[in-house]
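The lines below spell out each chain.
Protein chains: 2
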Amino acid sequence: MDFKIELKKRATEINDSLDRLLPPARTYPGIIHEALRYSLFAGGKRLRPALALAAAEVINGCRRDIMPAACSLELIHTYSLIHDDLPAIDNDDLRRGMPTCHKKYGEAIAILAGDALLTMAFELLSMCPVNNSITPERLIKVISEISRAAGVGGLIGGQVVDIVSSSRNIDGSVLEYIHRNKTGAMYRVSVRTGAILSGAADDDLERLTRYADHLGLAFQITDDILDLVGDEKSIGKPVHSDLKNEKATYPSLYGMEKALLMSQEEKEKALEAIEVYDERADFLRELVKFVVKRNH
Amino acid sequence: MDFKIELKKRATEINDSLDRLLPPARTYPGIIHEALRYSLFAGGKRLRPALALAAAEVINGCRRDIMPAACSLELIHTYSLIHDDLPAIDNDDLRRGMPTCHKKYGEAIAILAGDALLTMAFELLSMCPVNNSITPERLIKVISEISRAAGVGGLIGGQVVDIVSSSRNIDGSVLEYIHRNKTGAMYRVSVRTGAILSGAADDDLERLTRYADHLGLAFQITDDILDLVGDEKSIGKPVHSDLKNEKATYPSLYGMEKALLMSQEEKEKALEAIEVYDERADFLRELVKFVVKRNH
Chain C
-5 MDFKIELKKR ATEINDSLDR LLPPARTYPG IIHEALRYSL FAGGKRLRPA LALAAAEVIN
55 GCRRDIMPAA CSLELIHTYS LIHDDLPAID NDDLRRGMPT CHKKYGEAIA ILAGDALLTM
115 AFELLSMCPV NNSITPERLI KVISEISRAA GVGGLIGGQV VDIVSSSRNI DGSVLEYIHR
175 NKTGAMYRVS VRTGAILSGA ADDDLERLTR YADHLGLAFQ ITDDILDLVG DEKSIGKPVH
235 SDLKNEKATY PSLYGMEKAL LMSQEEKEKA LEAIEVYDER ADFLRELVKF VVKRNH
Chain X
-5 MDFKIELKKR ATEINDSLDR LLPPARTYPG IIHEALRYSL FAGGKRLRPA LALAAAEVIN
55 GCRRDIMPAA CSLELIHTYS LIHDDLPAID NDDLRRGMPT CHKKYGEAIA ILAGDALLTM
115 AFELLSMCPV NNSITPERLI KVISEISRAA GVGGLIGGQV VDIVSSSRNI DGSVLEYIHR
175 NKTGAMYRVS VRTGAILSGA ADDDLERLTR YADHLGLAFQ ITDDILDLVG DEKSIGKPVH
235 SDLKNEKATY PSLYGMEKAL LMSQEEKEKA LEAIEVYDER ADFLRELVKF VVKRNH
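Those protein sequence lines, which keep their order, are chains C and X. Heads up, the first sequence stops at 290 in the working numbering, and the numbers go up one at a time, no gaps. Heads up, the second sequence stops at 290 in the working numbering, and the numbers go up one at a time, no gaps.
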């Protein structure tokens, strides 16, 4: 498998679904639909929906039926980026080389575009076709897990601790709390969404969840490394933003050598968690290798 | 029934449930829980949950079982107030005589507290006990309706049009769009939530929905009137804010006399919609009378 081509193919499929599932750009009132589509279709690898779909594949779930749920994960990711970029939070002018939502549409519309995407995520979830695999009970379980992962015990909690810890010396446990919640919770729930809606048995769910947790950490450690040693063009956002914002990172806390080693360890653990599966898990395997390889 | 006492009694019951259903105030990270509780427990009549519970009563639903769903409506209402008050939107310093969330906790935490409440609303919904009355299918239907009512085709859409119409001459149809969506959609879905989760038949659902739509308009027209002729102390927020923000209102568009007449007409239509019911609908009847009587 040429992983980059495969990832791109899957991103295109997800983009087509997002476009179909969302209200058309010219829906009244136009500005909010334009703004939320601007941020949603600004690029991005669609990793969270891809994880949900890939987890479904491992246990023979129906990709098409879980697509609305997979897309809901991307809406939540995009909403969190729009709000994080706001002047009161990270105050970023650029995202993937383009003006951030509030730079383009103003702060009021950016706040509301974020709110709209978060709300729409739950609308998409409620639209999943109910059938033998996606039972109503499983759908409610997924809604419950996604709302927790995106909430104060997940994404938002991680963001809050990140903000209040900025410019302070923090230790490894706080750094881990931030990443486990700010990014890890959504990776975990993405994989679980695909698995649960496909009717995964408990042991499958446990293995895939373990995979997701190690993937999330591998990803975050690598992101921290790239912020120090990457170049702006290839990672698509300004480098040294952690330094600028005085944020603790894995390299700043453990040193570059140890951080590189940690990312390799997380990759190995992720691969180990899913070693019982045949080639249906290859996308997940290639993904974690790809994530860590960005270092080199 | 002394309606004010009854409304207060119900608000207390709802507050107790909100307090029990939310994570404790001292949950880590403390600041976000403190901030969202600050705004959630800043007073307020709890009209939306009260409407859900009252609609359930009309058709003999179980108040206790639908309480998490009823509470979710208040979380959405509070989130929308926190975000509306932000400097980039209405820039209000006071709400019910107290500093607004961003004045007390800063803008970053206020944005995230709003996000947290919106997300938690869907967590509460997914927590409703599934049983003979609250079937999983009905719960998914309610999640779908609430996400639509709170989204770009409801609350957020109304807010967007309100913002872009400010300082412009707008006509009656735009004003109606704003109110039907910004406030009306949540009143409507509040009543429908209580009814659907109680297993309402189609004709009951239709009557209660009609009631809610007229109640919503009666409420909004009265709010506009009070902003002109009320006093700050009794309505608990600064008066003349519509003038300050150059917002179109019913009195500015139709004149005070006509606006008063319109609020009476909406009240009559609301009462008519539920005239087939016995005393179990008395709370709904007294509510719409109370809403309009605030004029006098």
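Note that these hints are calculated values from the structure, not bench results. Predicted, not measured: the structure shown is a model, and the values here were computed from it. Errors might be hidden in some of the hints.
Claimed, not checked - FRET-style restraints, in silico, Cβ to Cβ:
no. : chain 1 : residue 1 : chain 2 : residue 2 : range
1   : C       : 54        : X       : -3        : 46 to 52 Å
2   : X       : 165       : C       : 21        : 19 to 25 Å
3   : C       : 6         : X       : 274       : 33 to 39 Å
4   : X       : 167       : C       : 91        : 39 to 45 Å
Glycine is no exception: its CB is placed at the ideal position from the N, C-alpha and C atoms.
Each hint tested on the structure:
Between residue 54/C and residue -3/X the CB atoms are about 58 Å apart, so this pair departs from the stated range of 46 to 52 Å. Between residue 165/X and residue 21/C the beta carbons are some 21 Å apart, a value that agrees with the proposed interval 19 to 25 Å. At roughly 55 Å, the beta carbons of residue 6/C and residue 274/X sit outside the given window of 33 to 39 Å. For residue 167/X and residue 91/C, the hinted distance range of 39 to 45 Å is satisfied, since their beta carbons lie about 41 Å from each other.
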